[in-house]
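Protein chains in written order, with the working numbering: chain H, 459 to 928; chain B, -15 to 244.
Because the hints were derived from the structure by calculation, they are not lab data. Quick caveat, the model's predicted, so the values are computed rather than measured. Incorrect hints may appear among the rest.
Pairs of lysine-lysine, BS3-like flavour, derived with a Cα cap of 27 Å [unchecked claim]:
id, chain 1, residue 1, chain 2, residue 2
1, B, 226, H, 631
2, H, 847, B, 76
3, H, 469, H, 852
4, H, 852, B, 21
5, B, 15, H, 843
6, B, 48, H, 502
7, H, 467, H, 834
8, H, 502, B, 42
9, B, 31, H, 502
10, H, 692, H, 582
11, B, 201, H, 537
12, H, 834, B, 48
13, H, 537, H, 692
14, H, 537, B, 31
15, H, 462, H, 692
Label pairs and their calculated CB-CB ranges [to be verified]:
id, chain 1, residue 1, chain 2, residue 2, range
16, H, 632, B, 139, 51 to 57 Å
17, B, 56, H, 633, 25 to 31 Å
18, H, 582, B, 93, 31 to 37 Å
19, H, 652, B, 17, 24 to 30 Å
20, H, 507, B, 205, 45 to 51 Å
Rough simulated footprint, nothing fancy, chain H against chain B, three-plus residues with beta-carbon under 8 Å [to be verified]:
id, segment
21, 28 to 40
22, 43 to 52
23, 70 to 78
24, 195 to 208
25, 231 to 243
Every residue, glycine too, gets a C-beta built ideally from N, C-alpha and C.
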Amino acid sequence: MSMKTSNIKFKDRIDVQMQDDFMRKSVANAQERMFTNRAIAADKLGNWEEWREMGMDIRNHVLDNLDYYLQQLSDNVQKNGGHVFFARTADEATDYVENIVQEKNAKKVVKSKSMVTEEIGLNKIIERNNCDVVETDLGEYILQVDDCDPPSHIVVPALHKNRMQIRDVFKDKIDYQGSDDPEEMTRYVRNYIRNDFLEADIGITGCNFAVAESGTVALVTNEGNARLATTLPKTHIAVMGMERIVPTFEELDIVVSLLCRSAVGLPLTGYVTALTGPREDEHCDGPEEFHLVIIDNGRSDILGSEFKDILRCVRCAACVNTCPAYRHIGGQSYGSIYSGPIGAVLSPLLGGYDDFKDLPYACSLCRACHDVCPVKIPLSDLLLKHRQKMAESKQTPLLERASVSAFNFINARPLLWGNTVKVGATMASGLIRNGKLPVNIGVSAWTETRDLPEPDGESFRSWFKKRNQG
Amino acid sequence: MANNDSEKTMDHQTAQRIYNRESFLDNIAQKLGRERKTTPVERPALKYRCHHDVMADKSQDELKAELIKYTETALGARALETTKAELAKTLKSACLYYCNNEEEDAARQDSETILSADERLLALVDPTELADEQHSVHVWDQSAGYEPNITIAERAQVGVVFAEQALAESGTMVLYSNPAQGRAVSLLPEASVFIVPQSTLIPRLTQATAALHEKAKNGERIPSCVNFISGPSSTADIELIKVVGVHGPVYATYIVINDM
């Protein structure tokens, strides 16, 4: 899978998703629960605003000094005996991993959940070398065995499927005969892929945060699959977006505390694993070889742009869990592995406006995402910036641009403005009936989903003038 | 063997294992609109101290109470207290708790436990005291290498490890990998038993990361695998329903040694 998950038009995707009653109900329930858990956890910790501010400051400091911290990180990984590959593009990254797969003559790779490896489409590159890739996070595993169904949430990727659907997938694909009980299905998968961990030649993980001062990669997980993938195979490859770094363990404390509470409402997840290089010589488990692949893939362009703030993101999905647009259209509507507010900002930046021009409009600008973001990213401001940029670069529909430029022309001329709104008010009161425009003046796409107020035939300015005189 | 080791050491010191770095970092500096920064950057002090304030006023006994409460209510794990003198007895019953047949009254099955060889643990417990005719106890043996240790750990019902610290806020055991205590001991067996001295209980992650920061500042290598483990493995990937026991251990018991 690469970042783009669908070739269907955005509007058609939404139409399909909106018909899926289970998905809509389950997304609404999930949002409610995750939102509540996050709020309770933040409340219980206390001083949440201070924590958020520290999170924001740490991430900003790292971005402002990213070249230094990446240098320090890579020096330390090398000192510990690991390899570091800097990849400007997705292709450079996948080439490097492919070389390792070939060099080791690897037949099996176990992976723990990693969004960035999805972003660069790593699995299919490995698989073309006659090497199996097993996604071992339960959610990712469900999607993988279901013919690589796209994820619908960055933390809970199979959120759109119910237990009956999952049972049917397992029955079809992995000989499951049991019930739709989540515990029974989970245990079955545990046993079913157990040997994959023991047999794998390479373990691949993402990286929640790298610690520059020690060359450490920290993984924040629950299932134990990331631990298995970094304990049993001889080679461990960690893939990270270049901005996922903190200066020292002291900052790691703050960002991990924010991440766990914001993602799952817990003080810590089941496992926070800090891995520093390959195993020491006298140890007998853990990887003999460690590779860190650091990926740009468009991030440096973001760093030098007005969208820089988005690189603070810690991928907790708190914004997703609070977004009313996501609630209604579901994650797969976004057509990107990154959904919700973070996805609507990030996907066009990493994947371009051609494929993702609609996403910045999947937002009602309610700003709920601002309030929950643990590193205070102004998500809806960034979505507005996207809209502005697209308008400026003439990516928006011709009619919208024509009306905006006509508005600008009239707005800059007070006399013309006064007359236009008077005419407009009179015309509108004649045209609007029951909140709809019966006459198509070319804005039906806009009005069919919105009700128009019925005006009283007078402009605000003339009403105000009269009121003052009276 | 000695030759191999020295070759490997040489390799670590001399081999270039960083690829494409300069152009990559030059580009970042350019995007930031300035020259490359190659000398240490001053790290601003954190603006607040709220992370230090969490449970700051609690005594060791109170931290223990918090740890036990959180472990039993939120993590679905067991928490026991014991003394140095009673440890062997407590540990044996904790291990056997996971070795018994699930059907009550059924005869006990043959079972196995793998024990970390951490000297702090072996100083407190004689492995033979834990064993009986139906319960064999193995000790992690670094000299045997990967295969035999992993085979036993995968077969064993219980893995016993010694924790560096425990975090009261999140019911977390902190493990540093060391040659005597492999990563697999707390990972492959279905049940994990953690032994932790009460004196090493700390409020939260803040104090644990401070210790790691000290090590890094002094130029020490951080152990290759430091784990913060909060209860057994779990998932909520199916309809957000929490299921305990996925790929990692299914069960966990914490044993706090009160007089240590």
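Going down the list of hints, with the structure as the test:
1. At roughly 24 Å between alpha-carbon atoms, residue 226/B and residue 631/H fall within 27 Å of each other, so this suggested pair holds.
2. Only pairs whose Cα atoms come within 27 Å are accepted, and residue 847/H paired with residue 76/B is rejected, the gap being roughly 67 Å.
3. Taking the CA atoms of residue 469/H and residue 852/H, the gap is about 20 Å. The hint holds against a cut of 27 Å.
4. A distance of roughly 38 Å separates the Cα atoms of residue 852/H and residue 21/B; the hinted pair therefore is violated under the 27 Å criterion.
5. A distance of roughly 19 Å separates the Cα atoms of residue 15/B and residue 843/H; the hinted pair therefore holds under the 27 Å criterion.
6. Annotation: proposed proximity of residue 48/B to residue 502/H holds, straight-line Cα distance about 19 Å (limit 27 Å).
7. Straight-line distance between C-alpha atoms of residue 467/H and residue 834/H comes to about 32 Å, which puts the hinted pair past the 27 Å bound.
8. Simply put, residue 502/H and residue 42/B have alpha-carbon atoms about 17 Å apart, close enough for the 27 Å limit, and the pair holds.
9. This hinted pair checks out: residue 31/B and residue 502/H have alpha carbons roughly 21 Å apart, not beyond 27 Å.
10. Note on residue 692/H and residue 582/H: the hinted pairing holds, with a Cα-Cα distance of about 22 Å set against a maximum of 27 Å.
11. With a C-alpha separation of about 15 Å, the suggested pairing of residue 201/B with residue 537/H holds against the 27 Å cut-off.
12. Using a Cα cut-off of 27 Å, the hinted pair residue 834/H and residue 48/B is violated, with the two alpha carbons roughly 35 Å apart.
13. For the given pair, residue 537/H sits about 19 Å from residue 692/H by alpha-carbon distance, which is consistent with the 27 Å threshold.
14. Note on residue 537/H and residue 31/B: the hinted pairing is violated, with a Cα-Cα distance of about 32 Å set against a maximum of 27 Å.
15. Note on residue 462/H and residue 692/H: the hinted pairing is violated, with a Cα-Cα distance of about 32 Å set against a maximum of 27 Å.
16. At about 24 Å, the beta-carbon gap between residue 632/H and residue 139/B misses the expected band of 51 to 57 Å.
17. Here the CB-CB span from residue 56/B to residue 633/H is close to 38 Å, at odds with the stated 25 to 31 Å.
18. Distance hint check: the CB atoms of residue 582/H and residue 93/B are about 45 Å apart, inconsistent with the given range 31 to 37 Å.
19. Against the hinted window of 24 to 30 Å, the Cβ-Cβ separation of residue 652/H and residue 17/B comes to about 52 Å, which falls outside the hint.
20. Taking 45 to 51 Å as the suggested C-beta distance range, the pair residue 507/H and residue 205/B does not conform, at roughly 37 Å.
21. Residue count for the segment 28 to 40 of chain B with a Cβ under 8 Å from a Cβ of chain H: 8. That meets the three needed, and the coverage hint holds.
22. Counting residues of the segment 43 to 52 of chain B whose beta carbon lies closer than 8 Å to any beta carbon of chain H gives 0, which falls below the threshold of three, so the coverage claim is violated.
23. With a cut-off of 8 Å between beta carbons, the segment 70 to 78 of chain B has 0 residues touching chain H; three or more are needed, and the interface restraint is violated.
24. As drawn, the segment 195 to 208 of chain B meets chain H at 9 residues by the rule of a beta-carbon pair under 8 Å; at three or more, the given contact holds.
25. Beta-carbon proximity to chain H at under 8 Å applies to 3 residues in the segment 231 to 243 of chain B; the threshold of 3 is reached and the given coverage holds.
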